[in-house]
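**Student:** Chains as they are written, first to last, in the working numbering: chain A, 10 to 174; chain B, 577 to 643.
Calculated directly from the structure, the hints in this document are not laboratory data.
The model shown is predicted, which means the values in this text are computed figures rather than measured ones.
All clues stand as given, with none of them false.
Quick partial rundown of chain A residues pointing at chain B, CB under 10 Å, derived from the structure:
| id | residue |
| --- | --- |
| 1 | Asp102 |
| 2 | Leu104 |
| 3 | Glu105 |
| 4 | Asp106 |
| 5 | Glu107 |
| 6 | Phe108 |
| 7 | Thr109 |
| 8 | Arg111 |
| 9 | Thr163 |
| 10 | Ser166 |
| 11 | Ala167 |
| 12 | Thr169 |
| 13 | Ala170 |
| 14 | Asp171 |
| 15 | Glu173 |
Which residues of chain B face chain A? A few of them, derived with a C-beta cut under 8 Å, are:
| id | residue |
| --- | --- |
| 16 | Val601 |
| 17 | Gln604 |
| 18 | Thr605 |
| 19 | His607 |
| 20 | Tyr614 |
| 21 | Ser617 |
| 22 | Leu620 |
In this text, a Cβ means the ideal position worked out from N, Cα and C, and glycines have one as well.
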Amino acid sequence: MRHNFTTMKNPYLLPNKFRLIGYLLLVPGLVAGIFFFYLDYSPSWLDFRVFTFYNDQFFGPKAMFSLIEDNIGNEVAAVLFLLGAVMIAFSADKLEDEFTLRQRFEALVWATYVNYAILLLAVLFIHGMAFIHVFVVNLFVVLILFYLRYRYLTWKSAKTADNEE
Amino acid sequence: MKNNIRMSRNVVRQSQTELAEAVGVSRQTIHAIETGKYTPSTLLALKFARHFGCKVEDLFQLEETDG
Numbered sequence: 010m011r012h013n014f015t016t017m018k019n020p021y022l023l024p025n026k027f028r029l030i031g032y033l034l035l036v037p038g039l040v041a042g043i044f045f046f047y048l049d050y051s052p053s054w055l056d057f058r059v060f061t062f063y064n065d066q067f068f069g070p071k072a073m074f075s076l077i078e079d080n081i082g083n084e085v086a087a088v089l090f091l092l093g094a095v096m097i098a099f100s101a102d103k104l105e106d107e108f109t110l111r112q113r114f115e116a117l118v119w120a121t122y123v124n125y126a127i128l129l130l131a132v133l134f135i136h137g138m139a140f141i142h143v144f145v146v147n148l149f150v151v152l153i154l155f156y157l158r159y160r161y162l163t164w165k166s167a168k169t170a171d172n173e174e
Numbered sequence: 577m578k579n580n581i582r583m584s585r586n587v588v589r590q591s592q593t594e595l596a597e598a599v600g601v602s603r604q605t606i607h608a609i610e611t612g613k614y615t616p617s618t619l620l621a622l623k624f625a626r627h628f629g630c631k632v633e634d635l636f637q638l639e640e641t642d643g
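One chain only, chain B, in its complex shape (with noise of 0.2 Å):
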């Protein structure tokens, strides 16, 4: 699964840390999603979306290999 978090977080100028406390979980949850070496839950997920005003399917897209 891919995702758009970092894009999506640059284009409010934020840091990995202000989105952490934004969203409730640790800077390294932040980059460990970013870099695609963890998939939030879906709760987590609908968190991004509210936070960033936008659907979660703009933020996370399955990719061919999800199968």
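Bound-form chain A, shown alone (with noise of 0.2 Å):
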């Protein structure tokens, strides 16, 4: 059966070969990103001379548009885990239409109040230097909340189809 889903398509969309890609991109990302920033693995061979808009150690001086010494695993691993959860997230399905985009809304508006909710706790119940946690966390959470939600919503329709089909 071949469909031909031409009713408001969203021209933001990626298209569907893009979330395998996406996985190519997410869990290498993960595993780096377990490594360099939670294991503190600073490998020498990642130290290079980068260009930094802002640099501010906190032993250490400021500096401004200007190139410092860096370790790049975790901008590795950050890019590759953010490309790779907005390839995922935003890459069409096969059977993508406007009921679909419907879905990808509320799941995306869903995911916007939850992430907030997450953070108001954070700044009320955690301090000190954990709170860099809550901010590695936050670059990803509402991305991942806005997948698991619309798959939720998909598969919650697929089976209620099926159950009364």
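If you follow the hints, you should be able to join the two separate chains into one complex; please do so.
**Tutor:** Structure follows, in structure tokens:
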């Protein structure tokens, strides 16, 4: 059966094949993130001179619009994970139509509310240096919540349709 | 808004899958419309009307609660 989905296409969605590319970026990004950020692994082969807009170390000089020495492990992990997560979340499904677009919208609004509820709780109950973990996790939570919620909505509608036909 | 999509589909003896293919949406979308969980766009409503050979108003009607 061949569908020709023409109603209300979303120009902001990526082609479906980007989902696979997204997973190929996200998985190594996740592994690298665990090593570089949480296990504090900083191999010297990732030490580079990089350009910075603004750099403020705890025990070092501040720098603006200049080159600094940096271990780019964290940056590599974050870029891989963020690009992967965006591609997974915003790649079109094979059966994408106006109803799935509404489900995407609902999931995005829901994810935004939940994300900021989590952030509010974190502001109130997490203190000191531990709050840096909140910033790191908050980079990705809205995308993860959105995708899980969207998948749940599409699964629920498919299940209901299957049961009632 | 109420609709007669299921009734119209039954008249021409079509499955949800066949109707979905005819108007270019998924079967889940047809089910959501028939059960009132989703109100289709004007474009899709016009496609339904063209498919069933009737006016949009024959398929979709406003209710008191629609204001």
